[in-house]
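J.: What follows is the residue order along each chain.
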Amino acid sequence: MRTEDEQYFQGLEDQLEDALAVAERAKKRGGDPKPEVEIPVAKDMADRVENILGIDGVAERVRELEGQMSREEAALELAEDFAEGRVGDYETNAGKIEGAVRTAVALLTEGVVAAPIEGIDRVEILQNDDGTEFVNVYYAGPIRSAGGTAQALSVLVADYTRALVGIEQYDARQEEVERYAEELGLYDKETGLQYSPKDSEAKFIAKNLPIMLDGEATGDEEVSGFRDLERVDTNSARGGMCLVLAEGIALKAPKIQRYTRNLDEVDWPWLQDLIDGNYYDDGEDADAADDESGGEDDEGDEESSETDANDPGDGGDAPGDDSEGPPRVETSEKFLRDLIAGRPVFSHPCAKGGFRLRYGRARNHGFATAGVHPAAMHLVDDFLATGTQIKTERPGKAAGVVPVDSLEGPTVKLANGDVRRIDDPEDALEIRNGVEAILDLGEYLVNYGEFVENNHPLAPASYTYEWWIQDVEAAGVDIQALEDDPRIDLEFPDPGEALEWAVEYDAPLHPEYTFLWHDISVDAFCTLAEAVADGRIEGDGDGDDSVLVLEYMEPVREALETIVIEHRQRPDEDRLEIDGWRPFVRTLGCEPRRAVADGSALESESGNEAQEPTVELERTWSPEDLSERARTWGHETEGDNAIEAVNEVAPFRVRERAPTRVGNRMGRPEKSERRDLSPPVHTLFPISEAGGAQRNVADAAKHAETMSDTPGVVDVQIGRQRCESCGTETFKNRCPDCNARTTPDYRCYDCDVQVDPDEAGRVECPRCERQATCVDTREIDIHEEYRDALEEVGERENAFEILKGVKGLSSQTKVPEPIEKGILRAKHDVSTFKDGTVRYDMTDLPVTSVRASELDVDVGQLQALGYEEDIHGEPLTHEDQLVELRVQDIVLSNGAAEHMLQIADFIDDLLEQYYGLEPYYEFEDRQELVGELVFGMAPHTSAATVGRVIGFTSAAVGYAHPYFHAAKRRNCDGDEDCVMLLLDGLLNFSKSFLPDQRGGKMDAPLVMSSRIDPSEIDDEAHNMDVVRQYPREFYLATLEQADPEAVDVEIAEDTLGTDTEYTGFDHTHDTTNIAMGPDLSAYKTLGSMMDKMDAQLELSRKLAAVDETDVAERVIEYHFLPDLIGNLRAFSRQETRCLDCGEKFRRMPLTGDCRECGGRVNLTVHKGSVNKYMQTAIQVADEYDCRPYTKQRLEVLEKALESVFENDKNKQSGIEDFM
Amino acid sequence: MPLEAAARLVSELTSRGYNAEREAVTRLAAAEDPNAALERVLEEVPNDALVVQADHVESVLSRPDTTGSPRTDGSNAAGATESEAASADGGTAGRDATRTDASSAGSPPSASTGTGPTEGRDSPDPSPVETEGSSPADRAADPAIRSLEITGDMTGESTGTGEYSDFVSVFRDRLERLGTKLRGRVNHRPATAIQGMPGGSDVAMVGLVNDIRSTASGHWLIELEDATGTFPWLVMKDREYVDLVDELLCDEVLAMEGTLADDSGIAFVDSLSFPDVPRTYEPSTADRHVQAALISDVHVGSQEFMADAWNAFADWLHTEQAQHVEYMLLAGDMVEGVGVYPDQDEELDIVDIYEQYEAFSEHLKKVPGDIEIVMIPGNHDAVRLAEPQPGFDEELRGIMSAHDPQIVSNPSTVTLEGVSVLMYHGVSLDEVIAELPEEKASYDEPHKAMYHLLKKRHVAPQFGGHTRLAPEEKDYLIMEDVPDIFHTGHVHKLGFGKYHNVLAINSGCWQAQTDFQKSVNIDPDAGFAPIVDLDTLDVTVQKFS
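Chains as they are written, first to last, in the UniProt record's numbering: chain G, 1 to 1219; chain F, 1 to 545.
Everything labelled a hint here was simulated from the structure, so no lab data went into it. Glycine is no exception: its CB is placed at the ideal position from the N, C-alpha and C atoms. Some hints could be false.
[Said to hold, decoys possible] Below 27 Å or equal to it, Euclidean Cα-Cα: the simulated DSSO-like pairs (lysine-lysine) are: (1) K474/F - K334/G; (2) K397/G - K255/G; (3) K1144/G - K834/G; (4) K34/G - K834/G; (5) K518/F - K189/G; (6) K334/G - K1191/G; (7) K474/F - K207/G; (8) K352/G - K1102/G; (9) K474/F - K1209/G; (10) K397/G - K1191/G; (11) K1144/G - K474/F; (12) K518/F - K1199/G; (13) K991/G - K334/G; (14) K34/G - K991/G; (15) K1167/G - K1102/G; (16) K1167/G - K518/F; (17) K352/G - K334/G.
[To be verified] With the C-beta cut set under 10 Å, the calculated list includes, among others, these residues of chain F facing chain G: (18) E157; (19) A227; (20) T228; (21) P232; (22) L244; (23) C250; (24) E320; (25) P390; (26) D430.
Model the full assembly from the supplied sequences, consistent with the hints where possible.
T.: In structure tokens:
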């Protein structure tokens, strides 16, 4: 590690120590469930694993093994330790296996996610039909967060431990095998699997698995075939099991195989058959095999690379392979599935006019993101904003959108006939109202690492400046000299220069003047050439302000629009005008010749006569000159691609400008919002129903059921505590009498004997062997508690608007939070999450270099944080200099900063007024937040990561180093997670608040990582490329659709474990500001669903790359119809609810009134909610000319609605009946 | 083979838009040159005729070709009249109206009344048995004998508007009407009254099952609800009738008798009874030997629709064997429908819903025109899914008018010559099979699941589960009167048997195994036609696949 990195981490840890010291002092004084900070600091993964599992000795053993072997191997090694009792203290074999499996999952998930504790319920030993024992692993839903590899390996580890402790293999009964297959189908239908194995595949796996996979029922739908099996507890789908079998075993078979090979004790010979697909017993081979390869492609599993390499994959149908046509990727419609109303499609799969794939990584890019020009974001009616998720065709499934303005912008046709490329977001806003059609969406930046991560064959690259410059260099030109020439702009040359270079050097034409010739047919190309030859030049023949004027003809106009060249359409004057026409004309094989007065023609270059010369365009070829190859060159149909024709007639080489288009649609909108429970909670103090629907504590304090009750006295379930010193019984953590700490008072439910927890934390009554409990329903005087608390912190009721409690506590011991904390939260308008912390959610986005100017900080602030040099090694003096971001530094959105200030105020008051200490933060404005520590914490995980605030952005996202996100096990494809202010977490988090139910420990900081070790983060981040330029070989390899691993581009993985592992994240593309384009997606600013959908359909009409009928079909098919059908179904089987007390009834009470309170009962699904989309759907189907099938489905539904909701004898009549 | 010839002729006729009487086909088939005869007949048929009738053929064959062989002649004039009358009856889908066809004899083409030669019967006849058998002489003699009456059809009577009160009315009506069957048997008290009775009293209550749950000690707690409130009843696990708890469905009507606990908060069940069909129930039968074909689930439009099996069935109906089949009941799912499940269009042979019904109508035309048809919709049909489902709307009726079927709601009761048949599509069977233990109800023995519905006297008792309910002013799903035959479909399995002398019969289907069925392990009974003797309620199954 470099010294500066060491200093950086040391600085963070020192700061953390300070805060911890304050928190520890505070905790000792307060009435919190524990008198100490409850989030242990883990310095490395081994610590986290041990902390999460709670098994002593694991950390030490993990550290021992870490240097010697991979994590997977270490997991197997630990399995041996468990089997032989060296680690963990288990008496039973089931316990040993359970320990080994949990540890394996924890290890493989770096001790961050909750899967090892929440995803594995238990391990059981059951009996085979022959009387031998076998192992049953009982999975639960949260195993999902472990990911396929860890899931699959957990099975292997279970089997390995099983073999070591000498238990037999599982022998599945036939009906169990069948059940697995049916259940997977059911789960896939209900919840959806990333990869759903065919029945035959599932059965094959089930038949061969040496241990039984079982699990909790996760859904309501039941299997209809193989029910009530003896060894399967439930008839519902077992989600955890389904995930492990499908996304684990089936998908990751090659990865497991790697480890089974090295183990003598376990032998899974069937894995090879699984990988090869040799599991079809009968005639279904053919189609099943097809489906299977399809499945693999979609998944892009990194481990299937061996098989994928020979797989036809994306090259299969593409004629590129047999050199019979241009290299093209296969289209994939998958991303269009489940289209939602109001979230527009930006481009259909591989459609002309869609986003053009450009390779590179911008500084705010990589790690499942897509770079889009900010002008394009505005032009798609603001539906795209920084952080908006898009579902994309390739290389992954989804990506977060980032603004990159060093790309080519979109090209639009304006109402006045101008066709313009818009490279400036300001221009985009200015012309937006006049846009008639978006002919091309501009470039779409994807980094190389994305293809590595998704194991997607490289898609043919667009011809761009970075490639061209290397082509020129390869042609032997001294680039340095050109670059040094101040008169030359290499990236944006004028037409003359571009032509000169093209002709002079043996390099293709500059991309700036390379048009999308591949998108027009050879015929259209000939037509265009003819039109140009008939065209005339107006204006000065020498200068660049001359204009090529063509006759206005539909085919010519269309061709010009398709190749995306800027021009002006003047149909009224019968003109099409093109500026900077020379490269265009020459590419068409036409020569401009100067016709002087006497009619003799001269080369334009040589002619500089003073007389008024006119320029004539001479076509140097005729269609017959084209070779057979050029005439028939095409991808879908013969001759649909004119690029070969271009190359035959142009005097220079022309590469395909945009051979790959990427289809995509909007996924979910970006997010930057405070996390409030619903209704928001200020204090985790139970007030039952007494607070009304608002859970208002003040109301509860005055509540009385009847006139005879004392106001404010409410029955609640609450934890019973006992004061050891004076014996007082209370629910508080401090004795109200002697102020000593209290302990939970466990008593046996039956015999009321007091029980103390044993070492393992179990509380069992010694007499009746029943679980003892400390939870008690007792009367609490909320009025008194509330008044006392107000007095305690010295606040008055008017300090806040409302103080909201909870109905009941969901934790095991039902320890309430001191109301005082809630009062201060309410005062500062912050609300708490289930675990006592205050959170702010933001969409994750990566950034590796930042400017002080875009972060709203000054150079001095950056310097104070230890930033001394810019990315080029120059001293940091100016606010526009780029500095490389440190791995734990994060950028807050404006909203987050504001909320953090509120939290800081709350913490200061809490320290002062409740704990009796000095305030800690004392912020005046948000600049003071810079340098403060926060926790980053992702859902489904149980470890927080310490981060440091470096600045602010107007984008509604949380920008941070990709390693920071990866440490939380997030990528940036639209994922969101939260930040907490450091001291808030330290002071207010308690495990005692966590719900006692499946998943309760997820999304809670059970442990914190103080520093990021790059080798202990989600390895997806290691696939990010970190270079300044991709080599020319890379671009050439893309044309071959090579395997990404076969190309040499440095990725982050390459520096792991070296001194530079924290630095050197270079990028290929800069962007002016990390927050450009709209701050919020139109999806969030538009009001109703109807407005959103109208905007979506309106946009689909404008986009050349979108088929609006298809969009309408899909909106109806995936949104309206399911909504209508679902609501209609729900209507006819609905629950009812009492309007007064909220009691729910499965069926309408025969009395008609509420059985609980006699109140009014009403439906939960009404006519209005059932048919709210009916008329809109019919209208859209009509307007966008949907298929008869779709229209008929709507018709049938409409009749059904009428039949249910209208009285046959009293039909609603239209106004015309009265006329 | 004559049978094939008949089939060919029928399909030729239907392809030109004609339906045909069985007798007419027989005569045509027996002509020396059936094709030529067919052409001639078609030229002669009146323009407004939809059905080629025996006398059309008769007149054609007899006029120019006087040498026409005697065996083509119908020997029984009455047969001709009967078939005419049946097919020519106008499209008035009369509800709750007795429909005896004698009254409608005045339709235009019914000119011929058996003027044909009558000597054919005893002349030495070289034709094979089948031909002889299919001579029209053998179909029932007199249309006046037939009778067909519909009750419980709610088509056009849907008055519910989806209000909360509509739902309440339905369930109140259910308790009221089914409760009547039980109130005579026990000394029932309202739920609120029971609460006020002293502990240890003997009590009884009639109500809807509101909740069934097991207690920690393995007993069962059943909450009964009546118009006053609910009361919990405890079924002890060691009592013999605890077995019945497995059979219970929420919202069915039950009577319970037992002893009130000391605190009067709960009652211990001593006996529980269902509305049930009396053991001694004596079904009505027809006065003559006449048969009805009870089929369902045709699924026209599906790629899996078994056209060959259907054609074989239709052909068979033209044979002597089928001479007594005068009624055909269709228990829903005429077509495969649209949008029944996601991406269904990819598995449809006919994507257009109207074309599906047109195709179905074509298939229906192959059925002899003189067979009375009654049909109800199913869950694949283009009507609302919520039950009761009204019969098809005017547009669909128009498409299917050729054979003039009676189209009524699901469920409906049709009484054929005194034999009442409760027709219900059978969606609730899924739920009964799912909720009840395997040995009490399974897909392999669908009729056993039907027994439970008979026992509960309700076709779809449980609310809130699979079965959808459309609230109407009364509960149309009740079996107020015991039917003689209970006919369902939906599960695509064939099964029949008698429950307290009521014939329960679940028709198979005309759709081969679908991918979905394969995936959930259902092997359908496709291409069977159960034929019921209405005079004895015996069932014979004809196989056509």
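J.: Please go over all the hints and tell whether each is borne out by the structure.
T.: We went through each hint and held it up to the structure:
1. K474/F - K334/G: Judged against 27 Å, a Cα distance of about 48 Å means the pair is violated.
2. K397/G - K255/G: With Cα atoms ~22 Å apart, K397/G and K255/G stay inside 27 Å; holds.
3. K1144/G - K834/G: holds, 25 Å
4. K34/G - K834/G: holds, 17 Å
5. K518/F - K189/G: Given that 27 Å is the threshold and the Cα spacing comes to 16 Å, the pair holds.
6. K334/G - K1191/G: Status holds; Cα separation ~24 Å.
7. K474/F - K207/G: With Cα atoms ~53 Å apart, K474/F and K207/G exceed 27 Å; violated.
8. K352/G - K1102/G: holds, 13 Å
9. K474/F - K1209/G: holds, 15 Å
10. K397/G - K1191/G: violated, 31 Å
11. K1144/G - K474/F: holds, 24 Å
12. K518/F - K1199/G: Violated, at about 32 Å.
13. K991/G - K334/G: violated, 42 Å
14. K34/G - K991/G: holds, 9 Å
15. K1167/G - K1102/G: Violated. K1167/G to K1102/G sits at ~36 Å, over the 27 Å cutoff.
16. K1167/G - K518/F: At roughly 37 Å apart (the allowed maximum being 27 Å), K518/F and K1167/G break the hint.
17. K352/G - K334/G: Answer holds: K352/G to K334/G is near 18 Å, not above 27 Å.
18. E157: holds, 6 Å
19. A227: holds, 5 Å
20. T228: holds, 7 Å
21. P232: violated, 12 Å
22. L244: Since the shortest Cβ distance to chain G is 19 Å, the answer is violated.
23. C250: holds, 7 Å
24. E320: violated, 42 Å
25. P390: Result: holds, 6 Å to nearest chain G Cβ.
26. D430: holds, 8 Å
Checked against the numbered hints listed earlier, the structure breaks hints 1, 7, 10, 12, 13, 15, 16, 21, 22 and 24; every other hint is satisfied.
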